[in-house]
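Residue numbers (this note's numbering), protein chains in the order written: chain A, 1 to 107; chain B, 108 to 403.
Think of the hints as simulated: they come from the structure by calculation, not from any bench. A couple of the hints might just be wrong.
In silico DSS-like cross-links for lysine-lysine, where the CA-CA straight-line distance does not exceed 25 Å [claimed, not checked]:
{"#": "1", "chain 1": "A", "residue 1": "Lys23", "chain 2": "B", "residue 2": "Lys330"}
{"#": "2", "chain 1": "B", "residue 1": "Lys185", "chain 2": "B", "residue 2": "Lys229"}
{"#": "3", "chain 1": "B", "residue 1": "Lys161", "chain 2": "B", "residue 2": "Lys185"}
{"#": "4", "chain 1": "B", "residue 1": "Lys161", "chain 2": "A", "residue 2": "Lys82"}
{"#": "5", "chain 1": "A", "residue 1": "Lys82", "chain 2": "A", "residue 2": "Lys36"}
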Amino acid sequence: MKLYAVCCFVLLFLAGCSSHSVKRGPEGLQFRLRAKDVRSVVLHCSLDGYLPRRASVEENGVWVVTVPAGHAFRYFYVVDGKVLTPDCRFKERDDFGNENCLYVPFL
Amino acid sequence: MRIWLSTVCVLFLLVTQVQGEDKEGDFVLMESQQIRASIRHMVQAGVPKEQALKMTRRMIQNRFREEQVIRVNAKIQKSAELGLPAEDLVDKVLEGTAKGVSAQSLVTALERVAARHALAAKESGLLVRERSRQRTLTRIMAQAFAAGVEEEDMLRLRNQLLLRARNLPDQEQEDLALETWRLTRELARLGVPSFDAAIMANHALRQRYNTIDMIRVRRSFLKDSMNTPPDILVGRYSVAIRAGADSEDLEKNGLSGIGGKQRPRSSSDPFGGGQGAGGSEGSGSGHGHGGGSRGR
Chain A
1 MKLYAVCCFV
11 LLFLAGCSSH
21 SVKRGPEGLQ
31 FRLRAKDVRS
41 VVLHCSLDGY
51 LPRRASVEEN
61 GVWVVTVPAG
71 HAFRYFYVVD
81 GKVLTPDCRF
91 KERDDFGNEN
101 CLYVPFL
Chain B
108 MRIWLSTVCV
118 LFLLVTQVQG
128 EDKEGDFVLM
138 ESQQIRASIR
148 HMVQAGVPKE
158 QALKMTRRMI
168 QNRFREEQVI
178 RVNAKIQKSA
188 ELGLPAEDLV
198 DKVLEGTAKG
208 VSAQSLVTAL
218 ERVAARHALA
228 AKESGLLVRE
238 RSRQRTLTRI
248 MAQAFAAGVE
258 EEDMLRLRNQ
268 LLLRARNLPD
278 QEQEDLALET
288 WRLTRELARL
298 GVPSFDAAIM
308 ANHALRQRYN
318 TIDMIRVRRS
328 FLKDSMNTPP
338 DILVGRYSVA
348 IRAGADSEDL
358 EKNGLSGIGG
368 KQRPRSSSDP
378 FGGGQGAGGS
388 EGSGSGHGHG
398 GGSRGR
């Protein structure tokens, strides 16, 4: 039982380290990534040819960046210079040995 | 009045000239004659000039050497000449440069994208005749491959679609092919293994699901997958579809809501369409594909 509780705690802790969510807001889609103790978070998406969109940090290490809603697109983060594909619902292979997340608007 | 009009004309000419110079300036930025020539060749092959410039500029910004830029550009040119969608290839270059990959990785990735599109184009030509729909199906299939659908499973689906097509008018055949592949692509994107996704779509085709049914099943699956892991859900859906679940019920109530209502089946079903038909994958297809479980 103790082991189970410890495992749960570790899993929750790890999930808290870099959890990701997308919310639809009045200004577009708000991408939120919880990433503590990092210096920069940049979102790249296929909407604009993967130009870097710098995220701003809020309280509790949540990084936020807004992109226009409407079309489906691929996206990934670059956290402190390293590519990060967060846990997301729709994915595809990126042909570079990793994956991309997909945003599908009507879902 | 004349002076005012002349001023407007002169200003207009100046502005358009400056814009023109800016566009030419992009070429000037790339000092290498060979790089400029490779851009021209890409444009001649059908790659939009803006896109060709954009991706070349990104590679230069990423400190790719001249020969590497030329190699990537030549790859895109070749693919565009073969009729493959330049947009997707340019997109891959932009993605790769954003990820900071090496020129070699970029070329390998472009080869993969081109191979997927070539296979998808060949296969979509077998299922759809109308040009714009063929392009749509090619893109959907290529996206499904990118999401993990494997060639063997694609063949399984293709054969079942061709069997179904025998009894359908052209328009319905093409719509059915498009929706079957949309369903398969979404399943793969959700992380459903290729084999399981193809099996589910295959069961739907065997049970004579039509275009609307396929759309309903896709919507229903997407909804249900919010609460149940897709790789578990796919097995349940396959069983329900094989047992003749009504797609309208599925869409309205999800998998848990399907009651006694079953799909009406024709006695002339050429796909072994009785209750429980398809107990072994591929039975009745006559094409020799899908002989049971692949044991993945």
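Hints violated by the structure (numbers, ascending): Of the numbered hints given earlier, the structure breaks none, since each of them holds.
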